[in-house]
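Protein chains in written order, with this note's numbering: chain A, 10 to 507; chain B, 511 to 835.
Keep in mind the hints are simulated off the structure, nothing from the lab. Treat the hints loosely; a few may be bogus.
As the list claims (entries may be wrong) - Reference listing, derived: stretches of chain B covered by chain A, where coverage requires no fewer than 3 residues with Cβ under 8 Å from a Cβ of chain A: (1) 603-610; (2) 638-651; (3) 656-663.
As the list claims (entries may be wrong) - Taking lysine-lysine pairs in the BS3-like style, the calculated list, with each CA pair at most 25 Å apart, reads: (4) Lys800/B - Lys776/B; (5) Lys800/B - Lys746/B; (6) Lys646/B - Lys776/B; (7) Lys480/A - Lys800/B; (8) Lys800/B - Lys646/B; (9) Lys419/A - Lys327/A; (10) Lys776/B - Lys480/A; (11) Lys198/A - Lys776/B.
Glycine is no exception: its CB is placed at the ideal position from the N, C-alpha and C atoms.
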Amino acid sequence: MIQTRPAPPSPADVARRTWRRLRTMRTAIVLLLILGAAASVGSFFPQRPVSVAAVNEWIAGHPGWAPVAEFLGLFDVYGAWWFMGIYALLLVSLVGCLVPRYRGFWRALRAEPYLSASLDAQSHHLVRETDQDPDEVLARAHATLRRRRFRVARRGGLMAAERGSAREGGSLLFHTSFLVLLLGVSIGKLWGFTGQVAVIEGERFADTPIEYDFLETGRSFGNRFSGVELALDEFDVSWYPNGVPREFRSSVRLFDDGEQVRQEDVVVNSPLTYGSLRVYQLSWGWAPVLRVAQGGRVLYDGPTIFLSEAGVWRGVVKVPQTEPQDTGFEMLFFTDPVVETGAMPRNGRPEPVAPVVLFQQYLGDLRLDRAQSVFRLDPRHLSPAEVGALRLGDTASLPNGVEITFSDLKQYSVFQIASNPGALLLLIAAGLLLVGLVPALYSARRRVWVRATAADGVTRVEIAGHAIQRKAAFEAEFAALAGEVVPEPTIRTGVPSG
Amino acid sequence: MVDADLARLSDTLFWVALVVYAASMALFFGHLGFRARRVGMLATLLAWGGAIVHAISVTARGLAAGRVPWGNMFEYSSLIGLLLVLTYLLVIDRRLGLRQVGGFAMGAGVLALASARFVYVPAGPLQPALNSYWLKIHVFAAITGSTLFGISFIFTVLHLMKARAQRRAGSVFAGSTVGAAYVGQSTERSTGEEGMPADHVSPDAPAAGSDTRVAGIMARLPVADRLDGLAHSTIKVAFLIWTFAVLAGAVWAHEAWGRYWGWDPKETWAFVTWVIYAGYLHARATAGWKARRAAVISMIGFAAVLFTYFAVNLWIAGLHSYKNG
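So that you can see chain B by itself, here it is in the shape it has in the complex (with noise of 0.2 Å):
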């Protein structure tokens, strides 16, 4: 049965959680303006923290539930926020080693937080149609679907974003295939500030950054290319899983139902999701498709993705409404 005290723990370290990303966003926005290595260490280590706060919250509410802590909408929004935070810090800060973006994907953090609050349900049991270990399966591909979807989004927003600040600077990259060329060095001298650290910058950029004459903000974000690319690999990766999601789904419902497709609004908008990212991949397999054009496609499918979890859970009435709690 539930226990109180395992939730109420869970509650309080969900709000400490939301502060420390939002205190972190602050940060890793101060450091993208203002260039201060050490704000961006500072912000990283508030990422670290609330993400290890935010994983003992999510784990106490599945102890204090006896379950798998993704039963309803509140603890679905809360792991996307968890798994935002984590994908930034672990991969693209890590691995990548791009930093500028942290505050995007911890300001995305922040709205899935946000938005978990309106949806919030005190910890309780299953209701019989969910308990099932395709739980664990279906939806958990869905949450890990949806997080990186909202990853690919910003990278695409940062991408058209970059490619519109390098049109208008004149400096158009013809099938440029090296990255982050995002460190000005006249910037740097005049602003007489620490750099970027120096893990930022891809060992084979070359010398002098074509796009030098970006200024400001922009000029600190990786090469368009390079933020497309990492579009469309993120999309690649989701894409998969989602296939996996909706095909685990199908499965399930067989299983609780006795049909495997019944255009039930949420099968529905999964399967729009699922067509338009694939349009997205055959666009982008495609000669012709402009990288621009693509990602008009991956906007309108992550607006899917979020039509597909909100309008549908909150809006459409179906056997996945989360309507009535």
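Okay, chain A solo, but in the shape it has when bound (with noise of 0.2 Å):
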């Protein structure tokens, strides 16, 4: 005996059976389920986008799980293949739902209500009696129909309605923004940029990629920045009495080609716009303007910017210029210290009611040939010197006939600056989706039948309706439009079920 053993389903078999289960709204569910799953993820681990320095924390924390969670891209979840590779599955999933549906909808839409149904099967079903003529009735229903917004047909003696063709043309809206979405993402991503400066009161900032702190251009954005200029004329912080800020403000004037195009206030929740560039503001701190001398020469001059680390103000300055070492300061700024005895002195207003800088003199060699942040020192070749407390105005005479001089006291404001050209899209597609969810979600697929026929001197007006959604909202309806078609009491009732 032959046994006929299974083919081996080909390639083509397989592809298309992956296909059709990848369509199904059983996958499209779990493909949900697990993406809600995979991006919670990304809140317990920190993300390397929103903070290099939280990573490497947790990454010194736990020296054994870093590898494993560098190799499963734990450290930037929303941009890891598996990530990727879920919701493009859920998208190729919504696309193979879509496509069908849409062509479905569009045959619904130009088809006529059906009209070869039995009118007994349907859930509601009523028969009714009348002396008016047939098409007196049906003429009556059909103005009914039409007022209550159903699409009518008629073939004789038999009337055809149907409404709520509303429930998949808003599903289809509501799933087809989220490729719209996308789109205005994708826009957003290749041809935007997001960049942050810090910009002392007084001083000026152009658009040009070397001026930025922090920088992210678009794959496509290439080097398009404008050259806008930026001055910063004046930072104000305003707090309420209990020391909370009340109001962050930045009076700014904008600058294209030489000419002043805009003179405003940035504050929070309310940026500035010129052209598809926006100026927020960001955040804010101290520069103190510091004085570094040497035998009456002036080595180092400027507003310094103090860096806010849990509630103190930081800030460095390097003179590798000074004889016969390099100079180096760390040093804190307080506006209004209280110091208790034996403990760091702490801030008391968060105005500058007493401003000092405290500053730890450092000497040795500053290592400033090697790459190194602005606002640390490197400590492996310096050694700790004087320490001293400057207030407003104050010199402080230091070894080696070094001065320093706490001269002024200036504020920068951080602003961020982006440019997002998919942002309209994005709104757009945001408006379509909301648009589109309330009739998926509370239009009523229902179709009704009227169908007058004469006999004996009497006119038999059969109505039937079912809703396919919506079951207990369709009773009343039902019950109202059959009132208005035939008045009259009622014969005979068919008793709804299901």
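Grab the two chains, each in its own frame, and use the hints to assemble them into the complex.
Structure follows, in structure tokens:
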């Protein structure tokens, strides 16, 4: 006996089967849940695009797990291959569902309401008798149904009506808007840019790549920087009496090609817009003006950016020109120092009530021939020297004839400057998504039939209908509708079922 | 600036509301357990009283701080409590006539208020990042969405409990469309007490409740299918509002931070929540996914709602963190 073994599925079969499986709702549900689980992972691990420092800290704290986490891309979940893979699959499944549904929707919209149905098989069915002419009844039915925005078709004594295609239309719009959303995201990612820059009061910044402290450009952005210049005339921060900031306000002027094009205040939640460029108030800080001289020769003079670290303002000045060794200063800034014995001073009021710079002088080799942060000293070849405090206007004389002066106090403002050409499309997609969601959730497809036949001098009117969704609401609608078509009392009523 | 008298009034009324809610909850459970109609009416009366006091507290807080009263975690939780109670009173009690759910709804309100006390901060002004009309829109939408997800969770849990009781009693409903078959006549006679108020019985309830074999408190809950349907319709509204809240949040982020989406923990978890409930709605629209499996998804969804709110605010640092007050 010859046994026929099932032939191994050809690659085309496998592909077809996979494709069919990918398009099922069950797959979509599972993919959605997996996407949710995958997205949540990123909230448990520090993300490199958000904070490189936090990632490094985590790696230092978990040396054993770090390589595993690195391999799995847990420090950049939303850019990881497996995350992309999940949403690529979801996207394929979405498109796979949508295409046949578009076709079906298009056909359903153009097709006439279904005329060849058996009326007594519907969930709602009733028969009434009237002495009115069948044509008269059907004309009234037509008017009623049209007023209730049903699509109506008639063949002889039978009228079919249908309503609720907004459900499928809304659902299609809702799902399609995700593709539009993706397009908007891609446009922004490819042609947009985001940069951050700290600008000190009285200084200017030009929109060119070298001037940014942080810059991220889209792959297709190229080098299309506008060259627009921004001058920060004044920065103000105001406080509530309890020390909570009330408002950060940067008074800026914008120059395009040397010509002033904008003069306005940038505050949080109210960015400045110029062309496709938007300037956001991001953060701020103190920039004490410090001067370092040796033997009457000024070696360093200017506002120095202090960063806030855990509530303390820290800054660094590096002066390699001093003789015989380099000089470095690590400094703390206090707006209103409160000194308690045996503890580090802390800030009282956030306003500069009694501004003080505390410094620790270092002597040795700054190693400026190597790349290093402007906000840190490389301590390996430095040894601590003098310690001191400077009030506004004070000068301290240090060994080697070095003098340091705290001559003035300024503030700096940190701006986020961005251009996102996909933003409008994203907004449109968001709008379409919401517009589509309402009928997708709340519209219901329902069908109604009316048949009027003359017999023995009376007209027998059959009214039937059923709803695919929201069956409870249809109950009332059907009753009202029947009442409008034939106001007379019911002779025989079918029992609603299902 | 902060008006100290109004702030004090608000705090006092908050406590009053919490106590009254707790009393109302106890009475509702008494009503459910002993089917005493008067107790149910008293509980409802207390719930209304508590809601009015609570509403005054919330309003006074807003007036005291000179802004909308949902600017920090305490106010957010408090408002969720108020919306839970109002949703129960206006929709579940008045429109649907489901007084049996009262104890659970008031219990949720009590939990919301009690949890608010753990994150209490005195009435105060807003930090600059929150000072935007988007606070009114985005945050209020998030509060409403969370509240309704909470309500849907109550329905889901009751549905699962009732379905289990029905299964145990061997009365599995096949395709039942009409609900409210919870007045078991036999028990009514044996207890000799007043039954549920007439308006609790849906007019089209089958005369002989097919779940008369479900005994005890379970018998007084609506049939499982009805509870499931209620959970489903609540999630539909909540999902719509949540979708809006997430989108409005993205628009606000674009205004305030210059990016619309940054996978900040709050954004991530709001998205995770959204995705889970999207999964739920798809499950409901699919034949073959039984109500029970959908209910499990809905419970996971509510866990995500809680995580989005509590864990992300208090535990995970991010732009939406309220860790520092």
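Now for the hints, and whether the structure bears them out:
1. Chain A is given as covering the region 603-610 of chain B, and this is violated because 0 residues of the stretch bring a CB closer than 8 Å to a CB of that chain, at least three being needed.
2. Residues of the region 638-651 of chain B with a Cβ under 8 Å from some Cβ of chain A number 5, which satisfies the need for three, so the listed coverage holds.
3. Residues of the region 656-663 of chain B lying with their CB closer than 8 Å to a CB of chain A number 0, which falls below the three-residue condition for coverage.
4. Taken as a hint, the Lys800/B and Lys776/B pair is broken in the structure, with Cα atoms around 31 Å apart against an allowance of 25 Å.
5. Between Lys800/B and Lys746/B the CA atoms are separated by roughly 18 Å; this keeps the pair inside 25 Å, and the hint holds.
6. Straight-line distance between C-alpha atoms of Lys646/B and Lys776/B comes to about 18 Å, which keeps the hinted pair within the 25 Å bound.
7. With a C-alpha separation of about 19 Å, the suggested pairing of Lys480/A with Lys800/B holds against the 25 Å cut-off.
8. The suggested pairing of Lys800/B with Lys646/B is violated, with an alpha-carbon distance near 39 Å, which exceeds 25 Å.
9. At roughly 19 Å between alpha-carbon atoms, Lys419/A and Lys327/A fall within 25 Å of each other, so this suggested pair holds.
10. Only pairs whose Cα atoms come within 25 Å are accepted, and Lys776/B paired with Lys480/A is rejected, the gap being roughly 38 Å.
11. With a C-alpha separation of about 22 Å, the suggested pair Lys198/A and Lys776/B falls inside the 25 Å cut-off, and the hint holds.
Violation of the numbered hints given earlier is confined to hints 1, 3, 4, 8, 10; the remaining hints are satisfied by the structure.
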